[in-house]
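J.: Sequence:
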Amino acid sequence: MKTILIDPKLQTINHVDYNGDYKQIYKFLECSTYSAIYPFEKSLDALFHDDNGSLGNSNYYFKFTHDSGYQSFIGGNGLIIGCDDEGESKHVETSIDEIKKRVTFIGNQEIVHGQNGITLYPLPTILNDDDIARMVKDHD
Numbered sequence: 289m290k291t292i293l294i295d296p297k298l299q300t301i302n303h304v305d306y307n308g309d310y311k312q313i314y315k316f317l318e319c320s321t322y323s324a325i326y327p328f329e330k331s332l333d334a335l336f337h338d339d340n341g342s343l344g345n346s347n348y349y350f351k352f353t354h355d356s357g358y359q360s361f362i363g364g365n366g367l368i369i370g371c372d373d374e375g376e377s378k379h380v381e382t383s384i385d386e387i388k389k390r391v392t393f394i395g396n397q398e399i400v401h402g403q404n405g406i407t408l409y410p411l412p413t414i415l416n417d418d419d420i421a422r423m424v425k426d427h428d
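Residues in the sequence shown are numbered consecutively from 289, following the working numbering.
Worth flagging that the hints you see were computed from the coordinates, not collected in a lab. Among these hints, one or two may not hold up.
To be verified - Only pairs whose alpha carbons sit at most 20 Å apart, straight line, appear in this in silico DMTMM-like list of lysine to aspartate or glutamate:
| # | residue 1 | residue 2 |
| --- | --- | --- |
| 1 | LYS290 | ASP373 |
| 2 | LYS389 | ASP417 |
| 3 | LYS330 | GLU398 |
Unchecked claim - Quick list of the computed label-pair ranges, beta carbon to beta carbon:
| # | residue 1 | residue 2 | range |
| --- | --- | --- | --- |
| 4 | GLN403 | ASP309 | 22 to 28 Å |
| 5 | ARG422 | PHE361 | 36 to 42 Å |
| 6 | GLY344 | HIS303 | 24 to 30 Å |
| 7 | ILE406 | ASP373 | 18 to 24 Å |
Just so we're clear, the structure is a prediction, and the values are computed from it rather than from any experiment. All residues carry an ideal CB built from backbone N, CA and C; glycine is no exception.
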């Protein structure tokens, strides 16, 4: 089924095919545990993200604007999957152009944990050969 992958490291937003197996979500998000938020008022599309995306020392972030105007700061990849009334996965309803309007890439951020939550500080972006190959593939 058609879903949308947000990659803050490569700063790309692309359609990807999700086979309906929850294990594939781990692969898209490159994580070991995930959760979902529901930022849309007109659809049941869900934004899945790394549950531990803000627990390390650094991560690549993006800001996502909800229909309500609230903004979530997401550490790591995001995957938008459509949901039906019974919670089953389906094709995403929100267009990729709409998602692109809602995403602001923030880049690589140092994560400092304090009494009032976390604070993010910019770090340089570092790409390896695999990252560059994925960027080239995404732009072909």
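J.: Hints first: check each against the structure and report whether it holds.
T.: Evaluation of the provided hints:
1. For the hint pairing LYS290 with ASP373, the CA-to-CA distance comes to about 18 Å; that is within 20 Å, so the pair holds.
2. Straight-line distance between C-alpha atoms of LYS389 and ASP417 comes to about 29 Å, which puts the hinted pair past the 20 Å bound.
3. At roughly 35 Å between alpha-carbon atoms, LYS330 and GLU398 are farther apart than 20 Å, so this suggested pair is violated.
4. As the Cβ distance of GLN403 to ASP309 is approximately 41 Å, the hint placing it in 22 to 28 Å is violated.
5. Distance hint for ARG422 and PHE361: a CB-CB separation of about 23 Å, inconsistent with the stated range 36 to 42 Å.
6. About 28 Å separates the C-beta atoms of GLY344 and HIS303, a value consistent with the hinted range of 24 to 30 Å.
7. In this structure the supplied range 18 to 24 Å is violated for ILE406 paired with ASP373, their Cβ-Cβ distance being about 35 Å.
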